[in-house]
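Work out the full structure, taking the sequences as your base and the hints as a guide.
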Amino acid sequence: MENREFFPGRESGEGRTGTPLFRASSITKIYHQGTQTEVRALDGVDLELFDGELAVLLGASGSGKSTLLNILGGLDIPTGGRLFYREDELTGADEDLLTAFRRDSVGFVFQFYNLIPSLTARENVALVTEIAPDPMTPEEALELVGLEDRMDHFPSQLSGGQQQRVAIARAIAKRPEVLLCDEPTGALDVTTGITVLEAVEKVNRELGTLAVVITHNAAIASMADRVIFLSGGKITSIRGNERRMPARSLSW
Amino acid sequence: MSVMRALDRKLLRDLSGMKGQMTAIALVMACGLSMMIMARGLVVSLEETERRYYGTSRFADVFCELKRAPLSLESSLAALPGVAAAETRARGVLTLDIPGMREPVDGMIFSLPEDRPQRLNLLHLKAGRLPAPGSRDEIAVSSGFAGAHGFVPGDELAGTVYGVRRRFRITGIAMSPEFIYETRAGEMLPDPRRFGVFWMNSGELSRALGLEGAFNSLSVRLSPGADGDETKAGIDRLLEPYGGLTAYDRGDHPSAKLMRDEIRQLKGFSVAFPAVFLAVAAFMTSAALTRLVKLQRQQIAQLKAFGYSPFSVGAHFLKFALVPAVAATLLSLTFGMWAGRAFVSLYHRFFQLPYLEFIPDWGALAAGIAATAAAVVLGVLSAVRRAASLPPAEAMRPEPPADFSPSRLEKMGIHRLVPPSFRMALRNLERRPWQAFFTALGLSLAAAIPVLPGAMADGVDYLMEFQWSLAQRQDATAALLEPGGPDAFSSLERLPGVLSAEPFRAVPVVLRTGHRKWRTAVTGLPRNPELNRLLDRDGREISLPPAGLVMSEKLADILELSPGDGVTAEVREGRRPVVRTVLSGTVSDYAGVAVYMEIDALRKLLGEQGTVSGAYLAVDSLRWNDFLAEVKKTPRIASVGSTAAVLENFRRTTAEMMGMSQAVYYVFSIIVSFGVIYNGARIALSERGRDLATLRVLGFTKREVSGILVLELALLTLAAVGPGLVLGRWLTEAVMESAGSETMRFPVIITGRTYVMAAVTVLFSSLFSFAVVTRRIASLDLLGVLKSGE
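Chains as they are written, first to last, in our numbering: chain A, 5 to 256; chain B, 3 to 792.
None of these hints come from the bench; they were simulated from the model.
The structure presented is a predicted model; accordingly, all values stated were derived computationally and were not measured.
By construction, the Cβ of each residue, glycine as well, lies at the ideal position given by its N, Cα and C atoms.
Just so you know, nobody snuck in bad clues.
Some but not every residue of chain B turned toward chain A, in silico, with C-beta under 8 Å: (1) F406; (2) P422; (3) M426; (4) R429.
Right under this line is the structure:
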């Protein structure tokens with residue numbers, strides 16, 4: 005099934021081996037703003053992402069990193085190119101298929117947490133575990149992010165970092181194969197940001213989940229297996245880290 | 003080029019984004035305002051017509067019937083204090099032979115002066131002319147009767163007056179202020195096919211009735227400022243030796259009273275219904291605008307940062323409320339005027355009025371709109387003031403996450419049983435209890451409104467069953483021209499086809515208790531009547547006690563009498579005894595009010611033996627025609643009422659009269675439930691949009707996300723239906739109570755079917771509005787929601 009011809013950027017694996025989870029080739033995304041202007045958010049992106057790795061997408065605002073993440077997560081549809089998740093082609097998939105993909109395979113963490121304010125931490129997680137085929141319990145998930153003693157708090161009773169960790173617990177409780185984090189520390193101070201990154205790191209290590217973290221903060225790059233640099237809708241380079249730095253040691 | 007201020011242009015664009023909600027609000031408001039325009043307009047129209055018609059036709063103020071008095075008494079009557087004009091006349095009954103009519107047809111016939119114009123109760127000619135002076139067979143007929151039979155001037159009629167058969171030629175079709183409501187005495191609905199009013203020359207009619215040189219009916223117009231009671235007492239005094247019944251005024255005049263009742267009911271409707279609808283609309287506007295103000299928190303901050311004053315910001319948001327109010331006004335002008343005109347044409351079918359045009363009551367409309375606007379402004383004021391008073395820098399920051407806590411139900415342990423989505427719904431509802439309360443109130447109202455038209459139909463069904471199948475089981479009621487002895491009763495018993503007969507003796511009386519007095523007739527019946535049965539509220543038979551009176555519950559209420567209380571009865575017939583008696587019991591009935599007494603006790607009171615005024619008859623249906631033919635040949639029978647015909651007329655007439663109101667109530671309740679749910683759903687969608695989009699991102703399907711939103715509204719709807727039905731019952735009771743009169747009362751009977759129909763109306767319009775809102779969930783902005791804090 006796998007057709008190598010689709011993947012001219014194969015070498016971008018940069019030392020990784022094994023089966024890629026995602027294979028993107030020549031992905032473009034054009035937004036039409038008004039009738040005249042069009043914005044090329046992505047301009048021919050080729051990329052493979054592998055099981056169990058922690059990848060950081062680094063780029064300035066407007067570089068196309070969020071667009072790429074949204075397309076990977078089945079939230080957006082590319083204008084051109086092809087995208088495979090394992091054997092399944094996501095390009096051209098219909099709404100129902102993308103919903104099922106998000107539901108079964110992807111965990112999302114957003115800059116603004118997006119917790120449901122009317123549900124406690126435990127219930128926010130339960131919301132997802134109740135529709136997942138093989139979830140962990142909400143308690144296990146919250147324990148994993150170190151919130152075992154905040155389980156019955158409502159979002160308004162939690163700090164920003166705690167809210168973000170609930171969001172991570174919610175994202176990983178269904179044991180997804182992919183964890184997509186869009187600026188997870190963007191709204192947090194350093195110390196809190198680090199606790200959040202630790203949680204991502206832990207999940208990636210202990211559950212073997214492919215974690216993709218978007219950031220414009222270069223300091224975060226050193227915790228990754230690979231750093232993917234984006235600029236102007238193109239991947240400018242991919243750098244493999246010799247050694248992953250523990251999140252705890254980061255500072256910015 | 004740009005005439006419009008930028009802020010107003012923003013208003014228009016924001017409004018176009020709220021089209022659905024604004025439409026819903028405008029529609030609910032329009033329901034209330036339409037009802038107000040219609041009912042107030044009808045009140046004004048009827049009052050104006052009444053005033054004009056009674057004035058131009060010189061409708062009398064005081065009336066009195068008597069047995070027979072010489073015309074020479076007229077000058078003494080005219081000289082009584084307070085009398086501006088007096089008119090004497092002859093009054094009789096007429097039975098008609100109309101080819102093709104199976105049922106008996108009868109009417110009242112009045113004399114017209116020949117040597118001068120009428121002084122009072124002037125006839126209004128719709129067609130033709132009055133009988134020419136001196137003519138012997140010319141007759142004018144009432145418009146309702148003529149219309150029902152298609153009679154035109156020139157047609158001929160055959161009938162019997164006082165036992166003598168004669169032929170008449172119709173010269174004119176007329177209306178009389180005395181018969182706006184053209185009904186037989188004691189009947190609640192006009193039946194123009196079987197009853198009419200007729201006028202002929204006094205010379206000929208007096209001869210026919212044996213009243214030459216005499217009169218038996220008096221009408222009096224009072225001079226301005228006259229004391230009516232004094233005049234009535236004078237009339238009673240003068241007429242007493244001549245078998246005078248009791249003088250009464252317009253307040254007791256059957257037709258005038260019905261007009262008054264109708265106007266009184268409309269007045270009640272014109273306030274109560276609009277108030278309720280406008281209150282719901284005001285709440286809906288307030289909820290929608292409060293939400294808008296929250297959404298526009300940052301825009302408000304910017305406006306203030308640009309230098310707009312809190313006042314102009316506040317005024318900007320208040321303008322939102324005015325838009326649906328203006329739309330509602332335009333809509334209700336169209337619909338309210340249309341409905342008002344439709345009711346006017348309905349009135350023309352049941353009220354014989356020479357003119358009735360729909361006159362809108364602009365003052366009331368203005369007051370209604372002002373009240374709505376005020377309610378809306380009050381509802382939005384606090385949100386607007388909060389937003390307008392925030393310092394710009396603070397307002398530009400997003401609002402902190404909403405505070406939540408476990409709902410009260412959960413504290414009772416319910417949370418272990420329900421999924422998180424259900425808890426979300428419960429907590430959202432508890433967090434804004436007032437919003438939930440008013441939404442539920444609106445929905446309750448929507449469930450309550452259709453109970454009313456359903457109950458009307460149920461009441462009519464019950465009434466027909468009760469009145470004509472349980473109580474009045476006779477096929478015909480034969481009334482004698484003059485009371486007769488035992489032989490008269492046996493001649494009625496022997497009429498062909500009569501299976502059984504039950505005598506009755508009716509005498510006019512005045513009942514007095516304290517300062518209250520009531521003109522009526524006492525009907526003497528056998529102790530345990532089999533045909534015209536007396537029933538209590540639960541349909542159990544009542545047997546007449548050997549002494550004392552039994553009367554309609556309604557009359558006992560009016561006279562403030564309870565069983566055991568004493569009452570004075572002044573008999574206005576024969577030797578006119580005055581007796582002190584007691585109220586022994588009450589009967590349940592729905593048409594008119596009646597007083598009963600055991601027949602022999604009544605006869606004893608009158609010093610008679612075996613007398614009857616008529617009989618209730620059970621007639622073999624196979625011999626009905628023979629029976630009628632014989633009745634027509636029997637001069638002493640004044641009239642025969644057919645129960646089947648009354649029942650049929652009742653069924654047809656109530657259906658016609660209520661059909662339109664029922665349709666209006668159903669439409670209104672659909673509008674209210676759809677509007678309230680839709681508005682609530684749009685607000686919930688706006689408040690929860692971010693959560694719902696997040697859930698979609700997390701992999702919830704559209705159906706699941708819609709389910710979460712709908713659950714909250716469905717909980718409200720379900721919670722509202724039960725209380726709504728109870729509210730519907732109260733509403734029905736209130737309406738029936740206000741509509742009830744001595745002439746007609748409706749039992750409050752609500753069948754399960756009516757409740758189910760009402761619940762289904764609300765549930766279906768709710769489902770429809772869920773469907774509309776659910777479609778919007780498909781277009782939630784999944785990406786946008788992730789990019790920003792709220």
